[in-house]
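Respectively, the protein sequence lines represent chains A and B. Residue numbering for the first sequence is 3 to 120, as defined by the working numbering. Residue numbering for the second sequence is 51 to 162, as defined by the working numbering.
Hints were generated in silico from the structure; no laboratory data involved. None of these values were measured; they are calculated from a predicted model. Ideal placement from N, C-alpha and C gives every residue a C-beta, glycine not left out. Treat the hints with care, since some could be wrong.
Stated by the list, open to error - Here are a few chain B residues that face chain A, going by a calculated C-beta distance under 7 Å:
| no. | residue |
| --- | --- |
| 1 | 92 |
| 2 | 93 |
| 3 | 150 |
| 4 | 153 |
| 5 | 155 |
| 6 | 156 |
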Amino acid sequence: AQKVTQAQTEISVVEKEDVTLDCVYETRDTTYYLFWYKQPPSGELVFLIRRNSFDEQNEISGRYSWNFQKSTSSFNFTITASQVVDSAVYFCALSGLEEMDSNYQLIWGAGTKLIIKP
Amino acid sequence: IAGITQAPTSQILAAGRRMTLRCTQDMRHNAMYWYRQDLGLGLRLIHYSNTAGTTGKGEVPDGYSVSRANTDDFPLTLASAVPSQTSVYFCASSGDSGFGYTFGSGTRLTVV
Numbered sequence: 003a004q005k006v007t008q009a010q011t012e013i014s015v016v017e018k019e020d021v022t023l024d025c026v027y028e029t030r031d032t033t034y035y036l037f038w039y040k041q042p043p044s045g046e047l048v049f050l051i052r053r054n055s056f057d058e059q060n061e062i063s064g065r066y067s068w069n070f071q072k073s074t075s076s077f078n079f080t081i082t083a084s085q086v087v088d089s090a091v092y093f094c095a096l097s098g099l100e101e102m103d104s105n106y107q108l109i110w111g112a113g114t115k116l117i118i119k120p
Numbered sequence: 051i052a053g054i055t056q057a058p059t060s061q062i063l064a065a066g067r068r069m070t071l072r073c074t075q076d077m078r079h080n081a082m083y084w085y086r087q088d089l090g091l092g093l094r095l096i097h098y099s100n101t102a103g104t105t106g107k108g109e110v111p112d113g114y115s116v117s118r119a120n121t122d123d124f125p126l127t128l129a130s131a132v133p134s135q136t137s138v139y140f141c142a143s144s145g146d147s148g149f150g151y152t153f154g155s156g157t158r159l160t161v162v
C-alpha cells in the first residue's frame with residue numbers, strides 16, 4: 003500500500019533559521035511522483051514542486067530546496083533563512099501509477115505546521 | 051473563470067437540510083476530487099471522478115454523493131447534513147497523475 007508520513011506535526015523556529023520538513027513515503031510502484039503543497043493561514047492550497055521517481059537531482063528554488071533520496075524513500079523540504087511569511091502547513095503527497103486503481107489520486111501526508119517567529 | 055471555482059465560499063446550514071457544494075473547472079482536466087479538511091486530520095478524500103460519467107468513493111464517503119455529468123462540473127451533495135460534516139471542503143482537479151492537483155479556494159461549511 004502507498005503511504006506518506008510526515009512525522010513532524012509542528013515545527014517552530016525563529017526567523018532566519020534554516021528548517022527542514024521531513025517526508026517519508028512507501029510505494030511498490032517503480033514510476034511515481036512526489037509533491038509538496040503549502041497551505042498558508044489564508045487557507046488556499048498552493049502547489050510548490052513535483053518530482054518524478056526517475057529524477058533524483060536535488061532542486062533549489064530561491065530559499066526552498068528539496069532533497070529526494072530513493073534509497074531512504076524520502077523527499078525532504080528545506081527552507082533556508084526562513085521568513086515569517088513561510089509560516090504555513092506544508093503537505094507532502096505521492097502519486098503512483100500501478101498500485102492505485104485510479105492513476106490520478108494523490109496520497110497525502112498529514113501535514114507539518116511550520117511557525118516562523120519574528 | 052481560471053482554474054477551479056467553488057461555491058459558496060462559506061455556509062451555515064441547519065442540520066437535516068440538503069446542500070450542494072458546487073465545483074467547476076475550466077482546464078479540461080479528466081479527474082476531479084472532493085476533500086474535507088478538519089483540524090489535525092489533514093486532507094481526507096470524500097469522492098473522486100476519473101473522467102466524466104464515472105465516480106468513486108474515497109476514504110470518507112458516507113453522507114455525501116457526487117455526480118459527473120460533464121468534464122467541467124463536479125457537485126458534492128449532502129443529503130441530510132449533520133454537525134460532524136462541519137468542515138472545510140476543497141475541490142481539486144488533475145489532468146494527469148504527474149501534474150498533481152489544482153485546488154479550489156474551499157468552502158467553509160458549518161452545520162448547526
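So, going through the hints one by one against the coordinates:
A hinted interface residue such as residue 92 (chain B) counts as satisfied when its beta carbon comes closer than 7 Å to some beta carbon of chain A; here the least separation is about 4 Å, so the hint holds. Interface hint at residue 93 (chain B): satisfied, since its Cβ lies 5 Å from the closest Cβ of chain A, which is below the 7 Å cut-off. For residue 150 (chain B), the interface hint holds, the least distance from its beta-carbon to any beta-carbon of chain A being 5 Å, beneath 7 Å. Hint status for residue 153 (chain B) relative to chain A: holds, with the closest Cβ pair at about 4 Å, below 7 Å.
Satisfaction of the interface hint for residue 155 (chain B) is found here, the shortest Cβ-Cβ separation to chain A being roughly 5 Å, below the 7 Å cut-off. A cut of 7 Å between beta carbons decides the hint on residue 156 (chain B): the least distance to chain A is about 6 Å, and the hint holds.
Violated hints are absent here; each numbered hint is respected by the structure.
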